[in-house]
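2 protein chains.
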Amino acid sequence: MKNKYIKKEDGYGGQATRRLIEEIIIPVVDNPAADRMDDSALLKVKTRNILFSTDGYVVKPLFFPGGDIGQLAVSGTINDIIAQGGEAKFISAGVIVEEGFLIDNFKKIIESAAAEARSAGVEIVCGDIKVVEPGAADGIFITTAGIGERINGLFRDGISPRDEVIVTGAVAEHGAAIFQARNDILEGTLEGTAVIKSDVAALNGLYGTMEKYSADIKFMRDPTRGGLAEVAMELAEMAGMSVELSQKAIPVKDWVKGLAYITGIDYLYLACEGRMVIICGAGKAEGIVKSLKADGFSDAARIGEIKTGNGASLKTAAGGARYLTSGEIAQIPRIC
Amino acid sequence: MKNKYIKKEDGYGGQATRRLIEEIIIPVVDNPAADRMDDSALLKVKTRNILFSTDGYVVKPLFFPGGDIGQLAVSGTINDIIAQGGEAKFISAGVIVEEGFLIDNFKKIIESAAAEARSAGVEIVCGDIKVVEPGAADGIFITTAGIGERINGLFRDGISPRDEVIVTGAVAEHGAAIFQARNDILEGTLEGTAVIKSDVAALNGLYGTMEKYSADIKFMRDPTRGGLAEVAMELAEMAGMSVELSQKAIPVKDWVKGLAYITGIDYLYLACEGRMVIICGAGKAEGIVKSLKADGFSDAARIGEIKTGNGASLKTAAGGARYLTSGEIAQIPRIC
Numbered sequence: 001m002k003n004k005y006i007k008k009e010d011g012y013g014g015q016a017t018r019r020l021i022e023e024i025i026i027p028v029v030d031n032p033a034a035d036r037m038d039d040s041a042l043l044k045v046k047t048r049n050i051l052f053s054t055d056g057y058v059v060k061p062l063f064f065p066g067g068d069i070g071q072l073a074v075s076g077t078i079n080d081i082i083a084q085g086g087e088a089k090f091i092s093a094g095v096i097v098e099e100g101f102l103i104d105n106f107k108k109i110i111e112s113a114a115a116e117a118r119s120a121g122v123e124i125v126c127g128d129i130k131v132v133e134p135g136a137a138d139g140i141f142i143t144t145a146g147i148g149e150r151i152n153g154l155f156r157d158g159i160s161p162r163d164e165v166i167v168t169g170a171v172a173e174h175g176a177a178i179f180q181a182r183n184d185i186l187e188g189t190l191e192g193t194a195v196i197k198s199d200v201a202a203l204n205g206l207y208g209t210m211e212k213y214s215a216d217i218k219f220m221r222d223p224t225r226g227g228l229a230e231v232a233m234e235l236a237e238m239a240g241m242s243v244e245l246s247q248k249a250i251p252v253k254d255w256v257k258g259l260a261y262i263t264g265i266d267y268l269y270l271a272c273e274g275r276m277v278i279i280c281g282a283g284k285a286e287g288i289v290k291s292l293k294a295d296g297f298s299d300a301a302r303i304g305e306i307k308t309g310n311g312a313s314l315k316t317a318a319g320g321a322r323y324l325t326s327g328e329i330a331q332i333p334r335i336c
Numbered sequence: 001m002k003n004k005y006i007k008k009e010d011g012y013g014g015q016a017t018r019r020l021i022e023e024i025i026i027p028v029v030d031n032p033a034a035d036r037m038d039d040s041a042l043l044k045v046k047t048r049n050i051l052f053s054t055d056g057y058v059v060k061p062l063f064f065p066g067g068d069i070g071q072l073a074v075s076g077t078i079n080d081i082i083a084q085g086g087e088a089k090f091i092s093a094g095v096i097v098e099e100g101f102l103i104d105n106f107k108k109i110i111e112s113a114a115a116e117a118r119s120a121g122v123e124i125v126c127g128d129i130k131v132v133e134p135g136a137a138d139g140i141f142i143t144t145a146g147i148g149e150r151i152n153g154l155f156r157d158g159i160s161p162r163d164e165v166i167v168t169g170a171v172a173e174h175g176a177a178i179f180q181a182r183n184d185i186l187e188g189t190l191e192g193t194a195v196i197k198s199d200v201a202a203l204n205g206l207y208g209t210m211e212k213y214s215a216d217i218k219f220m221r222d223p224t225r226g227g228l229a230e231v232a233m234e235l236a237e238m239a240g241m242s243v244e245l246s247q248k249a250i251p252v253k254d255w256v257k258g259l260a261y262i263t264g265i266d267y268l269y270l271a272c273e274g275r276m277v278i279i280c281g282a283g284k285a286e287g288i289v290k291s292l293k294a295d296g297f298s299d300a301a302r303i304g305e306i307k308t309g310n311g312a313s314l315k316t317a318a319g320g321a322r323y324l325t326s327g328e329i330a331q332i333p334r335i336c
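If you read the protein sequences in the order shown, they are chains A and B.
Taking this note's numbering, the leading residue of the first sequence gets 1, the next gets one more, and so forth.
Taking this note's numbering, the leading residue of the second sequence gets 1, the next gets one more, and so forth.
Accuracy of the hints is not assured; some may be wrong.
One copy or any two copies: either way a pair holds, since identical chains are not told apart in the list.
Calculated lysine-lysine pairs in the BS3-like style (CA-CA distance at most 30 Å, straight line) [as the list claims (entries may be wrong)]:
#1 K307 with K108
#2 K8 with K197
#3 K60 with K107
#4 K60 with K212
#5 K257 with K8
#6 K212 with K44
#7 K253 with K315
What the hints contain is simulated information worked out from the structure, not anything from laboratory work.
For clarity, every value in this text was computed on a predicted model and none was experimentally measured.
Bound-form chain A, shown alone:
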């Protein structure tokens, strides 16, 4: 590619667009469906029960400690399919980019999207690029959609009291990393902080546990926007029960706690982009957590349980109870 910047012609759908696709995208997103450059991709699925999901990504900054918008756009949609009980198989990507965007950065983003898909066993099979005038979009936006195949037997039973709540890893790292990156809080600048890396990752490592414990897992959701608190509140509302989390049990890194302490942000509301909240039947958390740890989710923990009543609450480390309320309060915008 001779050009240093995205030109408006790159979005006309003509020769420049084809060149952009052939020179940058095809070599990286290496699969037969994408190669054909057709209007849509012909796919073969193993089951007629499929899952379909979409999310738009507008994260700022585009590159952040631990990842970038390309990786996030792929893993985020994969995780939405997994949360609904599917194995993610195919991804589409619609890119909106402003004229003048650096081709080198464009390339890096496509490469990291492709790498994330590859490592998660997912094919990027179709895509689209639109170029808008300088300033008409903030750099680059990516909207992905995904197709997954349903894992048999999952989510057979409804949620009931005494069900247990699990999280697959330490929380709030994505939100904290974005906050830190955006506010130029660098290592050592503030006592107790380090460069926090986002937890962004596709959760395909969960498939083993999902299949093994398909009779026991009742619900899953990835705690993205609104964090663990938002998932707990939505779950309580949906189930018509109360969700009681234990502060002591929630895995969270010291440096995330430090940042939260210094800035006054509640880490329970900070987004994860590589964690899953799992609800399982009473007494089943121990086995599931063990299975998760064996599959590399070393911080996985049982963090609470379902009770009669309503709303979400936190049993604090000091032994008190704090009710979680919905995040009308301004959180961090454009974290994903």
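Could you slot chain B onto chain A? The hints should help.
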């Protein structure tokens, strides 16, 4: 909805987002999958051979004579699935909107997206909303993805000389409408022009002909960005043959010709958003055109044929030949 404008909280994924979805989107996009507000939708497809497509929409202006970005985002992705030989079944929509966007306009766009889906027999099953700061996006961008079921028997044979070229309706109306709207060329301002309406429409009306003539149809593509000329050139390159179009046979409305004449824009390069180019075996065009006309495609016509050689050309009304070259020349940006 009490608010007049989209607020940044509407994109946080918390209570404001849920309110926006529950009050504006669910009542309009009325189907069980969307109602559940899950991370992804569980769907049942009839065949394991599915088609998957995505496109981003950044059209400017958002409302134009004949349609708006909501209708366009739905019909465009439906048409991409149809072009590949599928019946469109499910659509996802990822919306990126700037803070301060008028709720009334947001509503109109969602309503026209939903209406287009309904009339095309397609369900909008999942979606996402991201809100960015004022000015970080130009109003609203919509990226849709679609899933279709393959129609059996289509595209069995490769393209060969003497195959015939059909277009399902008059060309260039979408591109001309956008150009006219953007340049405030109003009815009567210039001699020979009227308010040109976009041809934007889902092409589900083609299913009957596609099924009836599945043994004869060899290729389809909707002439969007780059218009009829771009499709002819791509087809010639793909097939390793030449595509000869007849200027006299190409259906185009007088007022589109008028606008083209006055502005110097070549209408062969102007986008359609509700037309399909169909390649069929020798001698089959007559029956297909008759079938199309019977199904309401009153301007459908046989417009050319495939020959040995390469490149795309136009037999002019005066009897000459003009070679079509790729549209590196600036066309109209953000027409879709």
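Here is what the structure says about each hint:
no., hint, result
1, K307 with K108, "neither (47 Å within a copy, 42 Å between copies)"
2, K8 with K197, "between (34 Å within a copy, 25 Å between copies)"
3, K60 with K107, "both (18 Å within a copy, 27 Å between copies)"
4, K60 with K212, "neither (38 Å within a copy, 51 Å between copies)"
5, K257 with K8, "between (45 Å within a copy, 26 Å between copies)"
6, K212 with K44, "both (25 Å within a copy, 24 Å between copies)"
7, K253 with K315, "within (19 Å within a copy, 71 Å between copies)"
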